[in-house]
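Those protein sequences? They're chains Z and U, same order as listed. Per the working numbering, numbering of the first sequence is gapless, rising by one per residue and ending at 123. Per the working numbering, numbering of the second sequence is gapless, rising by one per residue and ending at 658.
Incorrect hints may appear among the rest.
Unchecked claim - One side only, chain Z facing chain U, incomplete, derived with CB under 10 angstroms:
| # | residue |
| --- | --- |
| 1 | Ala62 |
| 2 | Ile84 |
| 3 | Ala109 |
| 4 | Asn110 |
Claimed, not checked - Distance condition first, Cα-Cα at most 25 angstroms in a straight line; then the derived SDA-like pairs of lysine to any residue:
| # | chain 1 | residue 1 | chain 2 | residue 2 |
| --- | --- | --- | --- | --- |
| 5 | Z | Lys69 | U | Asn549 |
| 6 | Z | Lys82 | U | Gly450 |
| 7 | U | Lys596 | Z | Ser54 |
| 8 | U | Lys595 | Z | Arg52 |
| 9 | U | Lys546 | Z | Val45 |
| 10 | Z | Lys82 | U | Ser615 |
| 11 | Z | Lys64 | U | Asn547 |
| 12 | U | Lys595 | Z | Glu93 |
| 13 | Z | Lys64 | U | Asn545 |
| 14 | U | Lys546 | Z | Lys46 |
| 15 | U | Lys546 | Z | Asn91 |
| 16 | Z | Lys99 | U | Asp495 |
| 17 | Z | Lys82 | U | Lys546 |
| 18 | U | Lys546 | Z | Glu93 |
| 19 | Z | Lys46 | Z | Asp115 |
| 20 | Z | Lys82 | U | Leu497 |
| 21 | U | Lys520 | U | Glu462 |
| 22 | U | Lys546 | Z | Phe48 |
| 23 | U | Lys653 | U | Leu497 |
| 24 | Z | Lys82 | Z | Glu93 |
| 25 | U | Lys470 | U | Phe441 |
| 26 | U | Lys520 | U | Gly626 |
| 27 | Z | Lys82 | U | Phe505 |
| 28 | U | Lys608 | Z | Pro58 |
| 29 | U | Lys653 | U | Trp473 |
| 30 | U | Lys517 | U | Glu584 |
| 31 | U | Lys517 | U | Lys658 |
| 32 | U | Lys470 | U | Lys658 |
| 33 | Z | Lys82 | U | Phe550 |
| 34 | Z | Lys99 | U | Ser535 |
| 35 | Z | Lys64 | U | Glu584 |
For the record, the hints were derived by calculation from the structure and aren't laboratory data. Ideal placement from N, C-alpha and C gives every residue a C-beta, glycine not left out.
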Amino acid sequence: MDQFAVKVFVRLRPSVLDPAGEATKSASIKLGAEGIKSLRIGKMIEVKIEGNGENEVRDKIDLLCDRLFANTVIEDYEYSLEKL
Amino acid sequence: MDNFTVGVVVFPGSNCDRDVSWALEGCLNIRTKYLWHESSDLSDVDAIVLPGGFSYGDYLRCGAIARFSPLINALDEFVKSGKRVLGICNGFQILTESGFLPGALVANKNLNFICDDVELDIVSSKGGWFNNGDEKQTIKLPIAHGEGRYHCDSDTLKKLLDNELIALRYKNNPNGSSFDIAGITNEQGNVLGLMPHPERACDETIGGTDGLLTLKSLILK
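The following block holds chain Z by itself, in its conformation from the complex (with noise of 0.2 angstroms):
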């Protein structure tokens, strides 16, 4: 067995409004950061996981991602892997 490390990143998709993304580029602005664009903020899920080679995992992620991590109506994701 192959063990691997995900980090998985779920993002609001760019249709939805993030408050919570609104009120911290407000605060940084009052920071006295200069620029600021665009802030939103997303989660980050690590995952340490197990199976027989790369495939076999990315369609464990893939269905954990779809079903559970993220709700695709409002959120999108994607993920990076590591072999340990």
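Could you slot chain U onto chain Z? The hints should help.
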């Protein structure tokens, strides 16, 4: 009809289950039974309420974990059989997460947790959940939520409009919901999800009785 029993689902973190049971038993004389979320036997209830609260601490997303409970797995057959399901607040979030109703509920536009009475226009009485006569009807119900902003894409909104699935709209949109949507039904009309709390408006002494009809309609066939 005397034996008609409404199942009130209890998840870890539900906090309106007793309110719903009080409103049904005490105000409407309808028998209720608490259903623990681990149960998948729905054979002795005739309708189901998914009450408000913070199931599983709202971890990941509101309603996201509850969706995988044995009870929600058993709900598909229950809904297909035409029996009635009412999702209030967190219950509405669970119904969208599990795909019984379209769209999703996300953080309020102003990020505030809003606890207030709101005026609602009855748009459709599909399924008989609301009284919708010739004249436009307005009711007042309490809301209490931080993540009640209904969101759907334009295709879904068109489908909701074309099929008269929008049950309630806010008169003064408090949370930024698409098209002021406060509650929707499925196409068959036997599933209703709404953010306002009808169970908190069932007695004049606590501010109104506009929620009675919706709870009472659980016993409709």
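Right, here's what the structure says about each hint:
1. Ala62: Given a least distance of 6 angstroms, the restraint on alanine 62(Z) holds.
2. Ile84: holds (9 angstroms)
3. Ala109: Cβ of alanine 109(Z) sits 9 angstroms from chain U, so the hint holds.
4. Asn110: Given a least distance of 6 angstroms, the restraint on asparagine 110(Z) holds.
5. Lys69(Z) with Asn549(U): Distance ~21 angstroms between lysine 69(Z) and asparagine 549(U) Cα, so the pair holds.
6. Lys82(Z) with Gly450(U): Measuring from Cα to Cα gives roughly 23 angstroms; hence the hint holds.
7. Lys596(U) with Ser54(Z): OK: lysine 596(U) and serine 54(Z) at ~19 angstroms, within 25 angstroms.
8. Lys595(U) with Arg52(Z): holds (20 angstroms)
9. Lys546(U) with Val45(Z): violated (32 angstroms)
10. Lys82(Z) with Ser615(U): holds (24 angstroms)
11. Lys64(Z) with Asn547(U): holds (14 angstroms)
12. Lys595(U) with Glu93(Z): Given that 25 angstroms is the threshold and the Cα spacing comes to 41 angstroms, the pair is violated.
13. Lys64(Z) with Asn545(U): holds (17 angstroms)
14. Lys546(U) with Lys46(Z): Outside the cut-off at roughly 29 angstroms; violated.
15. Lys546(U) with Asn91(Z): Distance of about 45 angstroms is beyond 25 angstroms: violated.
16. Lys99(Z) with Asp495(U): Measuring from Cα to Cα gives roughly 24 angstroms; hence the hint holds.
17. Lys82(Z) with Lys546(U): With Cα atoms ~19 angstroms apart, lysine 82(Z) and lysine 546(U) stay inside 25 angstroms; holds.
18. Lys546(U) with Glu93(Z): Roughly 40 angstroms between the alpha carbons, so the hint for lysine 546(U) and glutamate 93(Z) is violated.
19. Lys46(Z) with Asp115(Z): holds (14 angstroms)
20. Lys82(Z) with Leu497(U): holds (9 angstroms)
21. Lys520(U) with Glu462(U): holds (19 angstroms)
22. Lys546(U) with Phe48(Z): holds (23 angstroms)
23. Lys653(U) with Leu497(U): violated (34 angstroms)
24. Lys82(Z) with Glu93(Z): holds (23 angstroms)
25. Lys470(U) with Phe441(U): Roughly 10 angstroms between the alpha carbons, so the hint for lysine 470(U) and phenylalanine 441(U) holds.
26. Lys520(U) with Gly626(U): Holds, at about 10 angstroms.
27. Lys82(Z) with Phe505(U): At roughly 21 angstroms apart (the allowed maximum being 25 angstroms), phenylalanine 505(U) and lysine 82(Z) satisfy the hint.
28. Lys608(U) with Pro58(Z): Holds, at roughly 22 angstroms.
29. Lys653(U) with Trp473(U): holds (23 angstroms)
30. Lys517(U) with Glu584(U): Between lysine 517(U) and glutamate 584(U) the Cα gap is close to 28 angstroms, so the pair fails against 25 angstroms, i.e. violated.
31. Lys517(U) with Lys658(U): holds (14 angstroms)
32. Lys470(U) with Lys658(U): Status holds; Cα separation ~19 angstroms.
33. Lys82(Z) with Phe550(U): Holds: lysine 82(Z) and phenylalanine 550(U) sit about 21 angstroms apart, inside 25 angstroms.
34. Lys99(Z) with Ser535(U): Cα-Cα ~20 angstroms, so holds.
35. Lys64(Z) with Glu584(U): Between lysine 64(Z) and glutamate 584(U) the Cα gap is close to 20 angstroms, so the pair holds against 25 angstroms.
The structure fails to meet hints 9, 12, 14, 15, 18, 23 and 30 from the earlier list, while all remaining hints are met.
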